[in-house]
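Residue numbers (my numbering), protein chains in the order written: chain A, 1 to 66; chain B, 1 to 66; chain C, 1 to 253; chain D, 1 to 253; chain E, 1 to 354; chain F, 1 to 354; chain G, 1 to 177; chain H, 1 to 177.
There could be a bad hint or two in this list.
So the derived label-pair ranges between C-beta atoms look like this [stated by the list, open to error]:
#, chain 1, residue 1, chain 2, residue 2, range
1, D, V4, E, E185, 35 to 45 Å
2, G, P104, E, K42, 54 to 64 Å
3, E, G324, F, G275, 38 to 48 Å
4, E, K42, G, G122, 42 to 52 Å
5, B, T63, C, I185, 16 to 26 Å
6, D, K223, C, G148, 54 to 64 Å
Facing chain B, from chain C, some residues (calculated, C-beta under 7 Å) [stated by the list, open to error]:
#, residue
7, T3
8, C22
9, P181
Just so you know, the hints here were simulated from the structure itself, not pulled from any lab data. Cβ atoms here follow ideal geometry from the backbone N, Cα and C, with glycine treated the same way.
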Amino acid sequence: PKMTVDEFYCKGCGLCIEACPKNVLALADRLNAQGYHPAECIDQENCTACTMCYVACPDGAITIEK
Amino acid sequence: PKMTVDEFYCKGCGLCIEACPKNVLALADRLNAQGYHPAECIDQENCTACTMCYVACPDGAITIEK
Amino acid sequence: MKTVARRPQGLTDVRLTYCPGCLHGVAHRLIGEAMEELGIIQRTIGIAPVGCAVFAYNFFNCDMIQVPHGRAPAVATGMKRSRPECVVFTYQGDGDLAAIGTAETVHAANRNEKIAVFFINNAVYGMTGGQMAPTTLPGMKATTAPYGRDVEDTGFPMRVCELLSTLELPYYIERVSLLSPKEIIKAKKAVKKALTYQKEGKGFTFVEMISTCPTNWGMDPLKSRDWARENMLPIFPLGLFKDRGKADGEKKG
Amino acid sequence: MKTVARRPQGLTDVRLTYCPGCLHGVAHRLIGEAMEELGIIQRTIGIAPVGCAVFAYNFFNCDMIQVPHGRAPAVATGMKRSRPECVVFTYQGDGDLAAIGTAETVHAANRNEKIAVFFINNAVYGMTGGQMAPTTLPGMKATTAPYGRDVEDTGFPMRVCELLSTLELPYYIERVSLLSPKEIIKAKKAVKKALTYQKEGKGFTFVEMISTCPTNWGMDPLKSRDWARENMLPIFPLGLFKDRGKADGEKKG
Amino acid sequence: MAEKILMKGNEAVAEAAIRAGCRHYFAYPITPQSELIEYMAKAMPKVGGTFLQAESEVAAINMVLGAAACGVRVMTSSSSPGISLKQEGISYIAASRLPAVIVNVQRGGPGLGNIAPMQCDYFQATRGGGHGDYYTPVLAPCSVQEFADMAPEAFMIAEKYRTPVLIFADGMLGQMMEPVVFEDEYPPPADSSAWALGCREDSGRERHIINSLFIDPYELKEKTEILFKVYDEIKKNEVRYEMYNVDAKPKILAVAAGTTARVVKSAIDDLKEDGMEVGLIRPITLWPFPYEAIAAAAKNVESVITFELSMGQMEQDVRLAVAGTCPTSFVGKAGGVVFTPMEMSGILREAFKS
Amino acid sequence: MAEKILMKGNEAVAEAAIRAGCRHYFAYPITPQSELIEYMAKAMPKVGGTFLQAESEVAAINMVLGAAACGVRVMTSSSSPGISLKQEGISYIAASRLPAVIVNVQRGGPGLGNIAPMQCDYFQATRGGGHGDYYTPVLAPCSVQEFADMAPEAFMIAEKYRTPVLIFADGMLGQMMEPVVFEDEYPPPADSSAWALGCREDSGRERHIINSLFIDPYELKEKTEILFKVYDEIKKNEVRYEMYNVDAKPKILAVAAGTTARVVKSAIDDLKEDGMEVGLIRPITLWPFPYEAIAAAAKNVESVITFELSMGQMEQDVRLAVAGTCPTSFVGKAGGVVFTPMEMSGILREAFKS
Amino acid sequence: MKIRILCAGFGGQGALLIGKLVAQAGMMEGKHVTWLPSYGPEMRGGTANVMTVISDKPVGSPIFTRIDVLVALNQPSLEKFLPQVVKGGVVVANASLCKETEAPEGVKIVMVPLTSIAEEVGDVKVTNMVALGALLGYSHCVKPETIEEDLRHMMQKKNPALLSLNLAAIQKGMEFK
Amino acid sequence: MKIRILCAGFGGQGALLIGKLVAQAGMMEGKHVTWLPSYGPEMRGGTANVMTVISDKPVGSPIFTRIDVLVALNQPSLEKFLPQVVKGGVVVANASLCKETEAPEGVKIVMVPLTSIAEEVGDVKVTNMVALGALLGYSHCVKPETIEEDLRHMMQKKNPALLSLNLAAIQKGMEFK
Ligand SMILES: Cc1ncc(C[n+]2csc(CCOP(=O)(O)OP(=O)(O)O)c2C)c(N)n1
Ligand SMILES: Cc1ncc(C[n+]2csc(CCOP(=O)(O)OP(=O)(O)O)c2C)c(N)n1
Ligand code: SF4
Ligand code: SF4
Ligand code: SF4
Ligand code: SF4
Ligand code: SF4
Ligand code: SF4
Ligand SMILES: [Mg+2]
Ligand SMILES: [Mg+2]
């Protein structure tokens, strides 16, 4: 499975991180254009494509593939 | 008992007549200043001062004494 | 010989401008009686709506104001909050209170403003010549519902007591009718209770009175009362919807 | 590899202007998903309120209009009655829908207008900087309730679903929350049902969504969701208030 | 020629609107316009149109906003207090560049006032009673026939320039009956497909957005300047007025609109018999106002008198037009008391003396 | 001398109103006036006053009507769209002869527009945006200090003439901070016992009635004429304006109100250095408008230029004042874009060239 | 030629219809006509009246304060409007409800027992038609034929019985001398 | 003398307070001052900025398009406003968040690691105070003593700890060369 965050939309609110049962998400150190730390998947292997992060995301920034 | 209708207020709607359990009320033949046939008590003796006519009157035209 | 019943002091000696047999007059008398009996005429402010009762400022023997269509509860709010020592009541028709005034009615009730609202439901816009009201009955004809009210198109009659009863704080809500001496005597109790709670500064009190409009219904006064009983009461059931005074009482007792 | 979840076509590719973690975004996505799944994007008209969602005309991928504060249900009425072939929805906040828009909300519901109303309840006026809303909780601080909402003075939080449920005709009324993935999945069902009924031309459908306002509540997104769960849900119980579709179904079956 | 029908103004304008293809009407009852809403209630269902009594004037104008945004011919009507409640909505409709027709059957004001005919909402009508930089074309009929004819005319102007248009009537015009003739054909609604909201499944067009929020001042500035370019067009093309006895070298020029102008005309005829010549300019569009026509006529008279059923509102436009070239005066009546022909003649005779 | 405090205009006017004895305030939030309502929310409870956030602007103005009818000092505030919604209520308050103060912290319009400072509600404010024959005095501040000072002043005018009074501010005045000094004492509210509603148990007075319905045209006519007699008094006593550099024999007269006038002043100083004299008349009361002062000044200049943050509204009053005695022109800005001093100087230098 | 006709009576007496039929007839005869009723809440219980103008020239004001022809169906109307009747004017008063009143000089008052005649004809409801007849008899504002034609056009099909009743009433009114 | 100061940064960085303290001090020194923040929904996540004018003469417009002193707490602010700085103008930029930028001619850019200094002092929250210090160091719009007096007046009682923290931050800002 592949979880990707579109930095353009992400505001680093962290709701996806809280939502992930596998704890494979984290905020990046870098800032995006809007000055937010975007979320990213730090461990794609363990992503189960359960889409919980997608469901939680207020900004439609997440894509899940498998 | 004495039931009196103040012609000034009476509009001849007849609601008091319907309300009277003793049927002692009727509309007069004459017209009052507003062109209505005012109600009047045609048989004061049999009036029991039950005030039903007063209660029914929308125009506050009725006085009951006993 | 002593007087057992006479025109109450709560009314002026001006002749009412309502049509013959219109029950607005009965509602007026009940409020006038209650004000007299409670001895509050001198400290009551009444608010006349826009509707056939617009001239009520000539009829109630207390301080009066005539206000924009539907806004009486807002005006009453401004008054009660600047003159808390006064009893403030509004007198409103169904168009005034349940159509254009919906927001003001709902929010005054929700704030539990310490005002009395007397709501005369005659299922029509009387003053303007018989247009459809939010309370007009299904199939009932009105000048703006010439083919009879089609509920599919214009909705079902609004039941204001039921609506307001879902709010947390309103203090007293009851629906009564003015269609016979018996009912009028019941209505009187409700009117007096509403004003008594105001005298005691309790909260929002609301009395809906099922009334008639002989003129726009095109019926004589007697017929219109029967018609209202047969057609309005089934849709607007009479009864007590809320009485926190009672509740409080029970708690105490 | 196939895509199992992505930004729905019901949303444009414009970045939302909401604050980080604001659940307006979730509500937007659910509506966007439902429009896509029902294939109605091309025949839906959305109505943006005045509130933080005023910019919604940039976000929903259907025809959109931005209208006066609180009047969305009236505008929707005018639209649906001139374009019956369209699905019409309004998206409104608590100030917009439950304060200034009270009359328009109640009467659109009472007429059972064939429109969907999405009501985002965040217990505050977000856009204007955190003033008290009709839904603000007892004791909750707001810029216009600096000492906390005093129920005695300003009333109890308005429960709109409960209020509208007393009306005869509204077709579907439900309250959901957006405070966790689980709740969001439930909310999605409600949103989709509301729009499905529109597609089928059933009647008035109303979905209240318990949301958050991290910025004006002064909490981070996570904390604000917890706060809402603890404080809002007890006063705004989730659940189905009316579903005439179901009722009809039962009758049939 | 089509037959004459004796009709109330309120009914005639409604009938004309329907004949002109108006199929959507939203309003709230108020005297003295109620016959209009009642006529619509009866007639709309017969032509498959939409009639809806709104819960208030505020709701009504917003229903109009919604229908207008969908590109259909839509009308609302009310009387003075109700029109005040519509001001926010009218400002939005103007800002959103939507066509709609609003009829004001004026009554006496301010406040609840009374239901007698007046012209005291002139400022509100011609100066944008709502907030912001905008105007609405205002048509002022003087007879039941003209009242009726203005319905289709108002729709055409509204659609041509995408603006709300006001018809400025009064209780007398609404209540009185006069013979009316309706056209057999009225121009069809303009094509709104380029901007209207609706279903795009077939056309597959881009999505449409209707909006009046322009948070960036420079953007709002630009939008406003575009709006005012449209207003310049309207001023160029749509000024309407009637001249009466102006070519008779009058000593006095009278300016009056609506029913008031009718009374002036009788007075003019009356004075003519005694060799006293008075001219009349009757503005038919109150906005755009016939400034040039009045300015030109003012050059050849000794004074200009404005007659209004108000304490003086249009007289400001007259003074703006005359701009000091000759003395101006104003004769008004408040409260809904109307001018009688006799009285009017008297006033003009007086004016001749001085 | 009392201490200077750095304050936002929205807060300063609220504080001044409270110090002036205003104890009743009803309003609905809207940018850019929200600091005003928020300040009242904080401060009123501390002085035992009434603060209530109404469910809408319509409700707010009617709460004001109620409190005013009870004879207490009452204020409401809003911004453009909200003021439009208050028009019916304002017309009733004027017709009912009640004192009240209404603050409009203007934003960009029409429609939802934006929240930038503008002066485009001028017509609505000065021409009775509501229905019927009425006016309201309009005070236009140009600084935070003046904004604050106008609260007590507005109450005094409102009570003296029993009329609603408008304070005509804008988003910039509402949002900016400047030093303010408050008086230690403000005149107390006028005695309203002769007409106000309330408890009469002690006084035993006759009952009072407040009403704006006069169904008989002759009665409404009489009431209106009385109202306009009051307006004549106001015109006689309350016209306020500021003159700047008018005695320097200026070649050009500028007319500007509110914050726009400040920018004109800097420009005037700027041009003075180069020996170009421009005079300024800043109307402080927009109604009654300083027609005479401008007419007089216009006689001694070559042209008059009106500056406004709008597409041109006050400029009509200026033309009415000048009445053709010299050429007039108008420079406006729409959308909430404001004049910069540089730009303003440029415009005036241009004017000198021609 | 310009005739100002005022018809007044109690609410239900149908004064407005008299004016309307006259105006309609005037229109059919190619005249300029206006018809303006009293309106609004005054209606409540009060008296209804209508002003009708029939003229060769366009009508300036539909409102007038001087009356050429007055039809008074009841006493209050007679009292209220008689003073406004001009010299040479005609007044048709309902003798059944109005007291004998002396005419101002130059004014002709015709007392017609409208209500009773209507009852004779068969229905008090046609009181206004009797009045219309009398009006046509004493003032020549419009041709009786035109009125009849108009009524036939309106009622022939819908309600022939009512038509003949109305025509009879008008006839009786015209015949009354 | 007239100085136009613009302070800008991310929402939470406290740019508005810098302007307010300067305006307050200017007022205490008897100058004419105006303070105008950006307001409204743009705040949402965006950058906040405030225009402050300090002048001997009454201030015409509180809005200006030419800047004498710019305090940029972040990169976007620096980029947005640098072009408006006049010849002879000073720019205090937050080196911790801004890239080295070449100055337009006649403009002096001082890169100060405001955030890091604030952290050294003990709290990133005082980044704006460090900036204020730097501002006072490079522009002489108001006297440091006035600012200190004002701060003491505001915090002495309520929160002495915060006071000394702020003063320390300002000091560090001023000392930075
Ligand atoms: C703003 C405004 N809208 C409409 C009206 C016209 N109007 C007067 S009374 C009325 C309705 C009266 O009906 P209701 O409230 O039921 O009172 P009723 O006469 O039946 O007792 C209306 C629509 C008005 N005066 N003001
Ligand atoms: C007529 C009018 N009144 C007031 C406002 C100001 N205003 C804009 S949004 C808003 C309330 C927003 O709160 P809510 O509806 O709860 O939406 P949220 O921002 O919380 O999502 C207000 C009062 C306005 N724009 N127009
Ligand atoms: S939930 Fe969405 S916006 Fe928030 S951090 Fe995750 S991806 Fe970014
Ligand atoms: S899809 Fe599920 S497992 Fe994968 S990142 Fe998202 S929440 Fe975690
Ligand atoms: S009820 Fe009253 S008004 Fe009616 S008839 Fe009897 S007394 Fe007269
Ligand atoms: S008091 Fe009773 S008995 Fe007497 S008249 Fe009235 S109703 Fe009849
Ligand atoms: S119209 Fe109807 S409600 Fe009004 S007074 Fe007459 S009967 Fe009563
Ligand atoms: S202010 Fe509140 S509601 Fe508005 S976008 Fe920000 S968080 Fe969301
Ligand atoms: Mg009613
Ligand atoms: Mg909200």
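Verification of the hints:
no.	hint	in the structure
1	D:V4 - E:E185: 35 to 45 Å	60 Å, violated
2	G:P104 - E:K42: 54 to 64 Å	45 Å, violated
3	E:G324 - F:G275: 38 to 48 Å	32 Å, violated
4	E:K42 - G:G122: 42 to 52 Å	32 Å, violated
5	B:T63 - C:I185: 16 to 26 Å	18 Å, holds
6	D:K223 - C:G148: 54 to 64 Å	56 Å, holds
7	T3	5 Å, holds
8	C22	6 Å, holds
9	P181	4 Å, holds
The structure shown violates the earlier hints numbered 1, 2, 3, 4.
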